[in-house]
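Listed below, chain by chain, are the residues.
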Amino acid sequence: MEMPPGEQAATEPPDSGAGGGEGRPPQVAGAQETRAEDRLTLLLRLRAQTKQQLLEYKSMVDASEEKTPEQVMQDKQIEAKIEELENEIEEVKTAFEMKKLTIDRIQLSTALSKNLEKINPQTSVLMDNMKHILKLNKLIMKSQQESWDLEEKLLDVRKKRLQLKQASESKLLEIQTEKNKQKDDLAIMENSDKIKAIKQNLQMEIQITTVIQHMFQNLILGSKANWAEDPALKETVLQLEKNLTMI
Amino acid sequence: MSVLRPLDKQPGLNTATILLVGTEDALLQQLADSMLKEDCASELRVHLARSLPLPSSANRPRIDLIVFVVNLHSKYSLRNVEESLHHVDATFFLGKAAFLATGAGRESHCSVHRNTIVKLAHTYRSPLFFCDLEIEDFRATMAQRLVRVLQICAGHVPGVSALNLPSLLRSSETPAPEDL
Chain A
1 MEMPPGEQAA TEPPDSGAGG GEGRPPQVAG AQETRAEDRL TLLLRLRAQT
51 KQQLLEYKSM VDASEEKTPE QVMQDKQIEA KIEELENEIE EVKTAFEMKK
101 LTIDRIQLST ALSKNLEKIN PQTSVLMDNM KHILKLNKLI MKSQQESWDL
151 EEKLLDVRKK RLQLKQASES KLLEIQTEKN KQKDDLAIME NSDKIKAIKQ
201 NLQMEIQITT VIQHMFQNLI LGSKANWAED PALKETVLQL EKNLTMI
Chain B
1 MSVLRPLDKQ PGLNTATILL VGTEDALLQQ LADSMLKEDC ASELRVHLAR
51 SLPLPSSANR PRIDLIVFVV NLHSKYSLRN VEESLHHVDA TFFLGKAAFL
101 ATGAGRESHC SVHRNTIVKL AHTYRSPLFF CDLEIEDFRA TMAQRLVRVL
151 QICAGHVPGV SALNLPSLLR SSETPAPEDL
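Residue numbers (the UniProt record's numbering), protein chains in the order written: chain A, 1 to 247; chain B, 1 to 180.
Among the hints, a few may not be true.
Within a straight-line C-alpha distance of at most 20 Å, the following computed EDC-like cross-link-like pairs (lysine to aspartate or glutamate) qualify [stated by the list, open to error]:
{"hint": "1", "chain 1": "A", "residue 1": "K100", "chain 2": "A", "residue 2": "E88"}
{"hint": "2", "chain 1": "A", "residue 1": "K51", "chain 2": "B", "residue 2": "D8"}
{"hint": "3", "chain 1": "A", "residue 1": "K76", "chain 2": "A", "residue 2": "E86"}
{"hint": "4", "chain 1": "A", "residue 1": "K58", "chain 2": "B", "residue 2": "D8"}
{"hint": "5", "chain 1": "A", "residue 1": "K93", "chain 2": "A", "residue 2": "E83"}
{"hint": "6", "chain 1": "A", "residue 1": "K138", "chain 2": "A", "residue 2": "D128"}
{"hint": "7", "chain 1": "A", "residue 1": "K194", "chain 2": "A", "residue 2": "E205"}
{"hint": "8", "chain 1": "A", "residue 1": "K51", "chain 2": "B", "residue 2": "E43"}
{"hint": "9", "chain 1": "B", "residue 1": "K9", "chain 2": "A", "residue 2": "E65"}
{"hint": "10", "chain 1": "A", "residue 1": "K224", "chain 2": "A", "residue 2": "E241"}
{"hint": "11", "chain 1": "A", "residue 1": "K118", "chain 2": "A", "residue 2": "D128"}
{"hint": "12", "chain 1": "B", "residue 1": "K9", "chain 2": "A", "residue 2": "D62"}
{"hint": "13", "chain 1": "A", "residue 1": "K58", "chain 2": "B", "residue 2": "D89"}
{"hint": "14", "chain 1": "B", "residue 1": "K9", "chain 2": "A", "residue 2": "E56"}
{"hint": "15", "chain 1": "A", "residue 1": "K194", "chain 2": "A", "residue 2": "D184"}
Partial list, derived from the structure: chain A residues whose beta carbon lies under 8 Å from chain B [what the hints assert, rightly or not]:
{"hint": "16", "residue": "R45"}
{"hint": "17", "residue": "L46"}
{"hint": "18", "residue": "A48"}
{"hint": "19", "residue": "Q49"}
{"hint": "20", "residue": "K51"}
{"hint": "21", "residue": "Q52"}
{"hint": "22", "residue": "E56"}
{"hint": "23", "residue": "Y57"}
{"hint": "24", "residue": "M60"}
{"hint": "25", "residue": "T94"}
{"hint": "26", "residue": "W148"}
What the hints contain is simulated information worked out from the structure, not anything from laboratory work. Ideal Cβ placement from N, Cα and C applies to all residues, glycine included.
Based on the provided sequences and hints, a complete structural model is requested.
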């Protein structure tokens, strides 16, 4: 259901006729002038309104006309177009957001400056807050400086450690080469003829000594002397038991 | 069933027409009265409707702005608005439609959750106002706002079009409708 429209009583702009409404004779002429002026402004305003409305209708017509070529286009083209338009929308959106943020900031700063002008600088909470913020900023800067110094120190220590590591590495390499050299020398020596001859000699001597040992043992046993009584003799006999190849 | 279209008639000279849709007749009448009291250079016409579609026979001027008034205390009012929305052309939601939720102040009386109407407004990409129409001062403020919006929608403010309204009325706290 629709109710009958409620209408505003005054058709003219509210300001019209305000000057002559009181009915004072000296002001009547001036009131007529203002009325003419009011009419002029009304006409100008109506022109602006009509222009704006015309613009809206035009944009409406344009928008509805744009639909027809889309039907002719291929699917892929449409998809590409959609993507393009979406990108455009995104760009416009970000630009809009940025602008809004900037405006917000400008508004805020203007309000703040106006406020600052108004209030007493000695007692305001805002100034206290700002001072506090400055203090905190100084503290933060100091702490950052400290942390930077500490970081520098840490870096120095790390550098030193790296240098030490490199030095130890080179030392270890030297030791390794030295050891290898020794090994090589040993191998060379073992393989030489002299060593072989000496080894053969040693083997021969060991065999001879073993035979002599056995001989002495048998001699002592054959003499039927009680070798266990004399400690010196006992030691000698037991010494002859040693296997010379195990030395 | 006639679908309501914007810009389908020629505009009246210096006339701006608003259509208030809602089940709360008394509140709508009060809001209309406060709007007519507002100091405004254009000639205001306020139409009240309980629901859409409007009877086709009536000789009515071009409608520049539709405001759907939802009373959060009654589920019927929400359903009525939802049904009425079907009879509105899509181009109306390019800035020439708005939602007005009343009664959010007394939460204990609410039978419709606030989020429901927020989602509805987001679905139709239209601005949403909250206002307790029963309180005189709030009603006056809302009437003032609506008159300004109506003037823009009727093309009485040079340089600003109704197409600008959805993005201009979006506050920075509420996310863009695509994000929801």
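Right, here's what the structure says about each hint:
At roughly 18 Å between alpha-carbon atoms, K100 (chain A) and E88 (chain A) fall within 20 Å of each other, so this suggested pair holds. Note on K51 (chain A) and D8 (chain B): the hinted pairing holds, with a Cα-Cα distance of about 17 Å set against a maximum of 20 Å. The suggested pairing of K76 (chain A) with E86 (chain A) holds, with an alpha-carbon distance near 15 Å, which does not exceed 20 Å. Under the criterion of a C-alpha separation no larger than 20 Å, the hint pairing K58 (chain A) with D8 (chain B) is consistent with the structure, at around 13 Å.
Restraint check for K93 (chain A) and E83 (chain A): satisfied, since their Cα atoms lie roughly 15 Å apart, inside the 20 Å limit. Distance restraint check for K138 (chain A) and D128 (chain A): the Cα-Cα separation of roughly 15 Å lies within the 20 Å cut-off, and the hinted pair is therefore satisfied. Taken as a hint, the K194 (chain A) and E205 (chain A) pair is honoured in the structure, with Cα atoms around 16 Å apart against an allowance of 20 Å. At most 20 Å may separate the alpha-carbon atoms for a hinted pair to count; K51 (chain A) and E43 (chain B) meet this at roughly 18 Å.
As the CA atoms of K9 (chain B) and E65 (chain A) are separated by approximately 19 Å, the hinted pair is consistent with the 20 Å bound. Distance restraint check for K224 (chain A) and E241 (chain A): the Cα-Cα separation of roughly 18 Å lies within the 20 Å cut-off, and the hinted pair is therefore satisfied. About 16 Å separates the Cα atoms of K118 (chain A) and D128 (chain A), which keeps this hinted pair within 20 Å; it holds. The straight-line distance between the Cα atoms of K9 (chain B) and D62 (chain A) is roughly 17 Å, inside the 20 Å bound, and the hint therefore holds.
The hinted pair formed by K58 (chain A) and D89 (chain B) meets the criterion: a straight-line CA distance of about 19 Å does not exceed 20 Å. This hinted pair checks out: K9 (chain B) and E56 (chain A) have alpha carbons roughly 13 Å apart, not beyond 20 Å. Distance check on the hinted pair: K194 (chain A) and D184 (chain A) sit about 17 Å apart at the alpha-carbon level, within 20 Å; holds. Annotation: R45 (chain A) was flagged as interfacial toward chain B, and the flag holds, the nearest CB pair being 7 Å apart, inside 8 Å.
Taking 8 Å as the C-beta contact cut-off toward chain B, the hint placing L46 (chain A) at the interface holds, the least distance being around 6 Å. Here the hint on A48 (chain A) is kept, as its CB sits about 4 Å from the closest CB of chain B, short of 8 Å. With its C-beta approaching chain B no nearer than about 5 Å, Q49 (chain A) sits inside the 8 Å limit, and its interface hint holds. Proximity of K51 (chain A) to chain B holds as hinted, the smallest CB-CB distance being about 7 Å (cut-off 8 Å).
Among the interface hints, the one on Q52 (chain A) holds; its C-beta lies about 4 Å from the nearest C-beta in chain B, closer than the 8 Å criterion. Contact between E56 (chain A) and chain B, as hinted, is supported at the beta carbon level, the nearest pair being about 5 Å apart and thus within 8 Å. With a least beta-carbon distance of about 6 Å to chain B, the hint placing Y57 (chain A) at the interface is held under the 8 Å criterion. Annotation: M60 (chain A) was flagged as interfacial toward chain B, and the flag holds, the nearest CB pair being 6 Å apart, inside 8 Å.
Here the hint on T94 (chain A) is broken, as its CB sits about 11 Å from the closest CB of chain B, past 8 Å. The beta carbon of W148 (chain A) comes no nearer than 37 Å to any beta carbon in chain B, farther than 8 Å, and the hint placing it at the interface is violated.
Against the hints set out earlier in the document, violations occur for numbers 25 and 26.
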